[in-house]
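Starting from the structure of chain A, add chains B and C where the hints point.
Sequences listed follow chains A, B and C, in order. For the record, in the first sequence the residue sitting at position 214 is 214 according to full-length UniProt numbering, with numbers rising by one throughout. For the record, in the second sequence the residue sitting at position 123 is 123 according to full-length UniProt numbering, with numbers rising by one throughout. For the record, in the third sequence the residue sitting at position 436 is 436 according to full-length UniProt numbering, with numbers rising by one throughout.
Hints listed in this document are in silico derivations from the structure and should not be mistaken for laboratory results. One should not assume that every hint holds.
[Stated by the list, open to error] Once the Cα atoms are required to be at most 25 Å apart in a straight line, the calculated BS3-like pairs of lysine-lysine come out as:
{"no.": "1", "chain 1": "C", "residue 1": "Lys264", "chain 2": "A", "residue 2": "Lys408"}
{"no.": "2", "chain 1": "A", "residue 1": "Lys264", "chain 2": "B", "residue 2": "Lys200"}
{"no.": "3", "chain 1": "A", "residue 1": "Lys264", "chain 2": "B", "residue 2": "Lys408"}
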Amino acid sequence: MRWRLPLVCFIWQIAMIVLFGVFVRYDITSSPAWALTNTPDYENDFYFRYPSFQDVHVMIFVGFGFLMTFLKRYGFGSVGLNFLMAAFAIQWAILMQGWFHSFEKGKIVIGVSNLINADFCTASVAIAFGGVLGKISPVQLMVMTLFQVTLFSVNEWVVISKLHAIDAGGSMTIHTFGAYFGLTVAWILNRPRLEENNDKEGSVYHSDIFSMIGTLFLWMYWPSFNSAISYHGDGQSRAAINTYCSLAACVLTTVAISSAVDKKGRLLMVHIQNATLAGGVAVGTAAEMMLMPYGSLIVGFICGIVSTLGYTYLTPFLSSKLKLHDTCGIHNLHGMPGLIGGIVGAVTAAAATADVYGGDEGLIKMFRYEELGYVRSSSIQGGFQAAGIAVSLAFAFVGGTIVGFILKLPIWGEPADENCFDDVVYWEVPEEEPEDALKAYTVHNNNKLGSP
Amino acid sequence: MRWRLPLVCFIWQIAMIVLFGVFVRYDITSSPAWALTNTPDYENDFYFRYPSFQDVHVMIFVGFGFLMTFLKRYGFGSVGLNFLMAAFAIQWAILMQGWFHSFEKGKIVIGVSNLINADFCTASVAIAFGGVLGKISPVQLMVMTLFQVTLFSVNEWVVISKLHAIDAGGSMTIHTFGAYFGLTVAWILNRPRLEENNDKEGSVYHSDIFSMIGTLFLWMYWPSFNSAISYHGDGQSRAAINTYCSLAACVLTTVAISSAVDKKGRLLMVHIQNATLAGGVAVGTAAEMMLMPYGSLIVGFICGIVSTLGYTYLTPFLSSKLKLHDTCGIHNLHGMPGLIGGIVGAVTAAAATADVYGGDEGLIKMFRYEELGYVRSSSIQGGFQAAGIAVSLAFAFVGGTIVGFILKLPIWGEPADENCFDDVVYWEVPEEEPEDALKAYTVHNNNKLGSP
Amino acid sequence: MRWRLPLVCFIWQIAMIVLFGVFVRYDITSSPAWALTNTPDYENDFYFRYPSFQDVHVMIFVGFGFLMTFLKRYGFGSVGLNFLMAAFAIQWAILMQGWFHSFEKGKIVIGVSNLINADFCTASVAIAFGGVLGKISPVQLMVMTLFQVTLFSVNEWVVISKLHAIDAGGSMTIHTFGAYFGLTVAWILNRPRLEENNDKEGSVYHSDIFSMIGTLFLWMYWPSFNSAISYHGDGQSRAAINTYCSLAACVLTTVAISSAVDKKGRLLMVHIQNATLAGGVAVGTAAEMMLMPYGSLIVGFICGIVSTLGYTYLTPFLSSKLKLHDTCGIHNLHGMPGLIGGIVGAVTAAAATADVYGGDEGLIKMFRYEELGYVRSSSIQGGFQAAGIAVSLAFAFVGGTIVGFILKLPIWGEPADENCFDDVVYWEVPEEEPEDALKAYTVHNNNKLGSP
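Chain A extracted, bound-state conformation (with noise of 0.2 Å):
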């Protein structure tokens, strides 16, 4: 049984490294070949979008790794396994995404937007293990994993290359997918005695702290997610300023619907630590279109309040009704706003004219209707916007309930009840002695602990 992990990790390690040596190899920006096309160094598309590729980087790894340390005895699956799975899922998605985006002669050739493209769907999967945070095993995790990024792929290739549909921040094929995939996944791994035992299901002070990092590095870095694999020149300038304005409209609605939903006033850190982030959300695939400061504004403004009042009335609904146990509200801060931005995202391809994009080159080149072969009808467009988004949840609950009854097999060490939301099954946690702990406080005054 505990060779479960080790064998996962070893034997699909040594998969990607075999399929990497068969198809993976350096595209035109990243060989020796570059200096053949006699094109000069600072026209290499490196240079346009690396800064970005870090910042989405730090997004995954510290952003959705610290995110999930609210949680008092969590810690380290918070941000360990979101780094072990992150680690994983970066290389089959590499792979995946390169069957169909990036297949030259039988090869995949990787450049600087692959690795972007790779933490794109990465984040989807982040996404999802925050539905199921605390209650699956590492093992687990892999497996989902290991379907979420081939499902992931699948997907963004029908809305994307198919339908043709824009969606650069990935509101329809990350958020949405990924929240809903991860809803499907842990409303079937339903634990119906859950709430009765759930008091480590909660924070302490420094792990909202904590928590916080993983909410700034998110909030702050969002602009370079849903610019990083725009056009280059404006087309990047305008998605960041998009998603710039969208997040800091979404901060004010937040706190202003968390005070006034309790009963004294007070600010509820799950919220700021979670719907301020709505906004990247839901301008996800407007973000390089002429959403106009203000539209982004309205995103936002409009979401701060819906994933705000998500949690304090929609989350507690889906728990106690539907069974649906959703810990860290990704329902509230991946679904709803996924949602949102996907009709945002059809509603201004919709309204589309060539006289806002700069005449009919401009439209051409923003829908990208050179590739697709066609002019389409901006209205026309706007639908195949919108079958993105009917696509991409069809593909999150029919993937989420196979991938849900596959996890559900009792061969993958599942951690009973009790053990959930605590580190202490799959981590050695330090020991931490009662001398050492009281040590600091009693270092005064011994009496006075005595005779409290």
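Positioned in the frame of chain A, the structure of chains B and C alone reads:
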């Protein structure tokens, strides 16, 4: 009463949406019209400034936010209210600064440099917040932000556009203005009986380490701060080098003084957390000038000394004699080093010769004499630099006085003295049940606890 | 006695100012003379390297600083003394490396690549610091830094400029040299009775999470470290990709071994914090070579195994049998992986063919044969790479021995055995009064505490 904060956040955010809708549009670097200019994408200003922008963004949200988490029971307020303040300030700053500096044909046009400048303006509010940390309510903070951003923008317009002073990293407009504004407000909001009840105004071991996250991100990214809006090419490079040098020297003199003033030669965390940053403040004005690496070291050398001595002797003096309570010691970190920075800038400008700046053209470029319309002599430019200090101080004192009295109105939910420096008033703090907290300590031996 | 640290900091900083004044000037990319070259600003080296520089900067200060905060009562020392050390080391490294590599007409001319190289040199001191963490005084650390930076620069000059070995990410010059230098010093400073009193040499729950901040920033930014001074264009892109791959593979094998060697199959935090990084160390030499993505995966695969086994079996063996106490396990994280990296580099260089490197020109460019003045055969280059390992080891052992004995002199305020791993000797640690600390726990029910 409890509706104040939700209403302020809601109404102000709606106002932002309306004003953005009326005024804010993309500038040429961010709009599809970019393609019509036939400029290569790698010449888009976005690529010269975006990496620095992201670094500055981290300084505002993680840097200032975590720097203030040193208080043992005010971590939520430090990082959370800084988040709220900054999210509002960047929106209002885009408007205020836009009206003064980016107004074209009735519209504010924005690109990446507007985002940087908005972050800069927000830094001045974060500085002032440090002076009143733990003593004002969230609504007071929002009101202060509204006025301070306004005053900042007017002062910046006078100093930069009218006096034509150079202030790339904002020693005068950000640090001097921000610190003395905050100190004036803190002085007017004086709480005479706070001293008696300040056992909460200290740190614990882990809160001091959280604070170092803020310190280090500020320290590491300060070269980006001072170079973010410098000239392309050698200007940005020189500003980064000067800041790097000044900050390095500042660490050594901070440690020297911190150890020298302690009876046992030990180091004090508050010095390491704060005074090590004074070198970055003090090269703000002269960062892109020919300060020379050794000149930067000298500036950092002096500021480490001045700032640490300030924490040791001046802060207690101000508190006890002038009744000026300065929670984070902003006078030592931003006030005095900001003034030094202004003076260094004036002297460096006055000493400028065509020889050092690569000929007359270099001198004209550095001091933006083209925009000015005529060429000043270096000593005249030095005089205008000095005038910039005086104007910033005047705005700080007069503005701070007016805003201080506005904040004194008994309608903003100011916390009672006994609730200062305590998150529990404005936040739902996780209840740490005795059983929970002690579980870790008593897991091995319950008896030891009762008989220490 | 208590004046040692202030005097060292003061005098050395003054020496830096004098030496910078005599020697250090801006290079062409950072001086107004840049405009006279008529080179477009986007070709300034600053824009190719500055984003990577900032990532490397974060690795030195937050990465190494926080990685070492795992000790329960040495957090201030870890992050604070690393800060002091690094602030001095970067200045001294700019001088030392400048004399060897950037000396023109009697002056050291600096640009962004000098800042990166200074950070690299500092990394080697941070590595050595990990071996003696908690066992030396701040003054000893400063003395060690002075000598180690000097030795590093001479070794780097021999390996890079004389042997003409390639070492972009420093497997040999940074990691191998740094680790074995630090281990030699640690061995000479051996404290035979330390074992008896090492209850402080452990972690607590939150200190392990703080440490993960360091781990993750090192892990995420390592692609920038290894690509920061590579060739523009495909060189930087390839170095980033190789490092990304190696690090990903390393995480999976670290987890596999960590779980396999534990009796209950649990994971150990010290492995996740450290061994996951070994893959970055070991592609340092070959990062910009045609190692291929699968080659990088293999390197990471091996290093995760070697490093984790090292923590499990070798560290206790060295400690008990060889009396070599290695606080952070630098032998496992930097020593062995650094040697592997040197060997990987030698083999990859020896196997280089014109075919793979895009023709003879590519080979000449990659191995800098132009600078060398003649074209070596690949096997000869491989031999010189191997010689680079040997030279780095020799410098480490001989230099470490000399510096170790210097540090043994009884004039540097070395802490007593019982004060090791405890901040209280060199820092004013906040007093956590029993009342304060217990207040949170007893707020609901005082009685429970007295009768647990």
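Now the hints, each set against the structure:
This hinted pair checks out: Lys264 of chain C and Lys408 of chain A have alpha carbons roughly 23 Å apart, not beyond 25 Å. Among the hinted pairs, Lys264 of chain A with Lys200 of chain B is consistent with the structure: their alpha-carbon atoms are about 22 Å apart, no more than 25 Å. For the hint pairing Lys264 of chain A with Lys408 of chain B, the CA-to-CA distance comes to about 23 Å; that is within 25 Å, so the pair holds.
Against the hints set out earlier in the document, no violation occurs for any number.
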